[in-house]
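One line per chain: the protein sequences are C and U, in this order. Read left to right, the first sequence gives residues 0 to 307 (numbering that gives the first Met the number 0). Read left to right, the second sequence gives residues 0 to 315 (numbering that gives the first Met the number 0).
The hints are simulated quantities; they were obtained by calculation from the structure and are not laboratory data. Watch out, some of these pointers could steer you wrong.
To be verified - No more than 30 Å apart at the CA atoms, straight line, and that leaves these computed lysine-lysine pairs for DSSO-like:
1. K265(C) x K220(U)
2. K265(C) x K78(C)
3. K177(U) x K164(U)
4. K299(C) x K122(U)
5. K58(U) x K48(U)
6. K215(C) x K299(C)
7. K81(U) x K58(U)
8. K58(U) x K278(U)
9. K48(U) x K278(U)
10. K58(U) x K265(C)
11. K7(U) x K265(C)
12. K164(U) x K78(C)
13. K278(U) x K76(C)
14. K299(C) x K70(C)
15. K48(U) x K7(U)
16. K265(C) x K76(C)
17. K215(C) x K203(C)
18. K265(C) x K164(U)
19. K278(U) x K81(U)
20. K220(U) x K122(U)
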Amino acid sequence: MSTLETAPEPALGAAEPTGLRPSQIKRAKSGKARKRPSILLWFAIAWMSIVLLGALLSLIAPGVFPHEYGKAFGDAKQKPFAAWPEFLGTDGLGRSHLTRLAFGARVSMIVALVSVVVGVVIGGLLGLVAAYFRGVTEMIIDLFSDALLAFPPLILLLALSSVYEPSQTSITAGLAVLTIPGFTRLTKASAIAQSNREYVTVAKAMGAGPGRIIFKELLPNTFPAVMSYSVIVMAVLIVAEGSLSFLGLSIPPPMPSWGGMINAAKDDLSLYPSQVFVPCGVLFLTVFSLNVIGDRLRAKFDVRDTKL
Amino acid sequence: MLRLLGRKLLALIPVLFLVTFATTALPDLVDGSPVAQMLGPGSTPQDLKDLEHEFGYDKSLPVRYVTWVGHALTGDLGESLKTRTPVMDGITERFPVTLELAVFALLMALIVAVPLGVWTAAKAGGRVDRVIGGLSSGLLSIPTFVSVFILVYFFANPNMMLAFKPTGWEYISVDFAKNIEFAFLPALALALAEIPQFQRLLRSDMLATLQEDFILTARSKGLSTSYVLFRHALRPSSFSLLTVSGLTLGRLIGGTVIVESYFAIPGLGQGMYQAINGKDIPVVQGTVVVIAIVYVLLNTLVDIGYSLIDPRVRAR
Numbered sequence: 000m001s002t003l004e005t006a007p008e009p010a011l012g013a014a015e016p017t018g019l020r021p022s023q024i025k026r027a028k029s030g031k032a033r034k035r036p037s038i039l040l041w042f043a044i045a046w047m048s049i050v051l052l053g054a055l056l057s058l059i060a061p062g063v064f065p066h067e068y069g070k071a072f073g074d075a076k077q078k079p080f081a082a083w084p085e086f087l088g089t090d091g092l093g094r095s096h097l098t099r100l101a102f103g104a105r106v107s108m109i110v111a112l113v114s115v116v117v118g119v120v121i122g123g124l125l126g127l128v129a130a131y132f133r134g135v136t137e138m139i140i141d142l143f144s145d146a147l148l149a150f151p152p153l154i155l156l157l158a159l160s161s162v163y164e165p166s167q168t169s170i171t172a173g174l175a176v177l178t179i180p181g182f183t184r185l186t187k188a189s190a191i192a193q194s195n196r197e198y199v200t201v202a203k204a205m206g207a208g209p210g211r212i213i214f215k216e217l218l219p220n221t222f223p224a225v226m227s228y229s230v231i232v233m234a235v236l237i238v239a240e241g242s243l244s245f246l247g248l249s250i251p252p253p254m255p256s257w258g259g260m261i262n263a264a265k266d267d268l269s270l271y272p273s274q275v276f277v278p279c280g281v282l283f284l285t286v287f288s289l290n291v292i293g294d295r296l297r298a299k300f301d302v303r304d305t306k307l
Numbered sequence: 000m001l002r003l004l005g006r007k008l009l010a011l012i013p014v015l016f017l018v019t020f021a022t023t024a025l026p027d028l029v030d031g032s033p034v035a036q037m038l039g040p041g042s043t044p045q046d047l048k049d050l051e052h053e054f055g056y057d058k059s060l061p062v063r064y065v066t067w068v069g070h071a072l073t074g075d076l077g078e079s080l081k082t083r084t085p086v087m088d089g090i091t092e093r094f095p096v097t098l099e100l101a102v103f104a105l106l107m108a109l110i111v112a113v114p115l116g117v118w119t120a121a122k123a124g125g126r127v128d129r130v131i132g133g134l135s136s137g138l139l140s141i142p143t144f145v146s147v148f149i150l151v152y153f154f155a156n157p158n159m160m161l162a163f164k165p166t167g168w169e170y171i172s173v174d175f176a177k178n179i180e181f182a183f184l185p186a187l188a189l190a191l192a193e194i195p196q197f198q199r200l201l202r203s204d205m206l207a208t209l210q211e212d213f214i215l216t217a218r219s220k221g222l223s224t225s226y227v228l229f230r231h232a233l234r235p236s237s238f239s240l241l242t243v244s245g246l247t248l249g250r251l252i253g254g255t256v257i258v259e260s261y262f263a264i265p266g267l268g269q270g271m272y273q274a275i276n277g278k279d280i281p282v283v284q285g286t287v288v289v290i291a292i293v294y295v296l297l298n299t300l301v302d303i304g305y306s307l308i309d310p311r312v313r314a315r
């Protein structure tokens, strides 16, 4: 690489050029690498456990919730923290916020997890294949992922929802397709970097075929980068699903979803703000937690190229 | 330079082909006939056939595609199934509204993010940096459909502060002051999502620049910190921010659906939303194609512009 091609690297250990105290510089530089697990991270993990528990319970044991998600049981628009066990209040039809949020978590989690798994498997495989074979294979794979990335993401989903009746399956499928190119690019970049390492050369010299090199050598070494990226992608997917259900273009009622609950309560904003802000808060905390966890993983595995 | 331009424009062709072909194929995915909703009660199968013939849906996909491209090149994107008016008319009326909103949001985001980015880079590792860093990662997790509620609740609520109108629109050509009053909250909602990204990007680029020798030289000449930061360090650090701003503009034009439908703004996003709910396929098609083309063209322009301002990229 010539010096023209690379951006100037910050000279490590350079004298203090910015007028900062040495301690500040030291902290800024080591900030990412030696950050101890903060309270925020533990909070994020705790919150995600609660969300996953809620999603799991609503999937396998919906009976544990005091009230059903589709039935009114008391006054409409009860405030949160006013009663027990329904400490999150009720919605505009007197249905339990707690149960509905748990079922909404189920929708969000299924959509996010399934799409990410599909994106990792298909996108990862395409990326590895492109990185190993290069040439024409890489060009074709790049063409398709570039074309997919050329759409503003929400627009593609909106266009599809104009012709399909939305369901859990169609939303998940649409989002899964959109996650593929990001994972293809990431895996390709990190696999290309790996394939210049000695251990790959050694494996080739020992007579390993493409299958062995891709799955036994490249795959395990690209995995950390893909892992930490997929947590961030889950946050993006939850926002995307939320946007669609906010527009009424996702899973149809009576099945609750976070975005749908926010949409249903939007006219109550000035008189009953908790109607809107309870589901908003849950959604925000989930997205925030995933971002915190993903950032932490990314810092740990030192992943640089992470553009969706 | 010309070769680069040619290569970039050539690379657009397969992408544009895929985008237009996919949108032409959209009606084939509809359950039943796309024009069925236009028929009144008591119409015969012959009426349906006539309508399908009129809109060209009786032809095969390749034939339709070629016809569509031929018409699109002359600026004709077909007729709306609902209003029977040309799709292009609706788009030319709505596009300036969305463009204004996107530009306004981008400017707002830059005005807030640039000083914050410079400030956090200058105080890297300090308390200011950590507080703003924490705030920006929180802000990054607020989706647009949540931030609209927060903004409206605090700034357009008779119980809190009625500084802005919650919904509505006035065209900029009619009344500028009113237009800004209506556009402020929606643009801010869009900008809030971009501010943390801009701030982080500028901060990390500034940190790299601040290690350079010419900063040391400037400081040793006795120039003040703010002069060094804004006159010496900001410009060489702003290349990637400029690029990302360009890309963001493209993304914002395609990403105003939520804001426009919430604030009842007559832009492209709202038009698209109404068309989706009304199953008005030609309008959806036309809007998607226009948004995608604007997006792709902007990305290419940004790519080219980037190599114009930063010679290090041109060498590649």
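Okay, the hints, checked on the actual structure:
Distance restraint check for K265(C) and K220(U): the Cα-Cα separation of roughly 58 Å exceeds the 30 Å cut-off, and the hinted pair is therefore not satisfied. Straight-line distance between C-alpha atoms of K265(C) and K78(C) comes to about 16 Å, which keeps the hinted pair within the 30 Å bound. With a C-alpha separation of about 10 Å, the suggested pair K177(U) and K164(U) falls inside the 30 Å cut-off, and the hint holds. For the given pair, K299(C) sits about 24 Å from K122(U) by alpha-carbon distance, which is consistent with the 30 Å threshold.
Annotation: proposed proximity of K58(U) to K48(U) holds, straight-line Cα distance about 11 Å (limit 30 Å). Pair hint K215(C) plus K299(C) holds up; C-alpha atoms about 23 Å apart against a cutoff of 30 Å. Distance restraint check for K81(U) and K58(U): the Cα-Cα separation of roughly 21 Å lies within the 30 Å cut-off, and the hinted pair is therefore satisfied. Between the alpha carbons of K58(U) and K278(U) the distance comes to roughly 20 Å, so the proposed pair stays at or under 30 Å and holds.
This hinted pair checks out: K48(U) and K278(U) have alpha carbons roughly 19 Å apart, not beyond 30 Å. Simply put, K58(U) and K265(C) have alpha-carbon atoms about 44 Å apart, too far for the 30 Å limit, and the pair is violated. For the given pair, K7(U) sits about 45 Å from K265(C) by alpha-carbon distance, which is inconsistent with the 30 Å threshold. About 27 Å separates the Cα atoms of K164(U) and K78(C), which keeps this hinted pair within 30 Å; it holds.
Taken as a hint, the K278(U) and K76(C) pair is broken in the structure, with Cα atoms around 34 Å apart against an allowance of 30 Å. A C-alpha spacing of about 46 Å is found between K299(C) and K70(C), which places the hinted pair above 30 Å, so the restraint is violated. Taken as a hint, the K48(U) and K7(U) pair is broken in the structure, with Cα atoms around 44 Å apart against an allowance of 30 Å. Between K265(C) and K76(C) the CA atoms are separated by roughly 13 Å; this keeps the pair inside 30 Å, and the hint holds.
Between the alpha carbons of K215(C) and K203(C) the distance comes to roughly 12 Å, so the proposed pair stays at or under 30 Å and holds. A C-alpha spacing of about 16 Å is found between K265(C) and K164(U), which places the hinted pair at or below 30 Å, so the restraint holds. For the proposed pair K278(U) and K81(U), the alpha carbon gap of about 9 Å is at most 30 Å, so the pair holds. For a cut-off of 30 Å, the pair hint linking K220(U) to K122(U) stands: about 21 Å separates their Cα positions.
Consistency note: the structure conflicts with the earlier hints numbered 1, 10, 11, 13, 14, 15.
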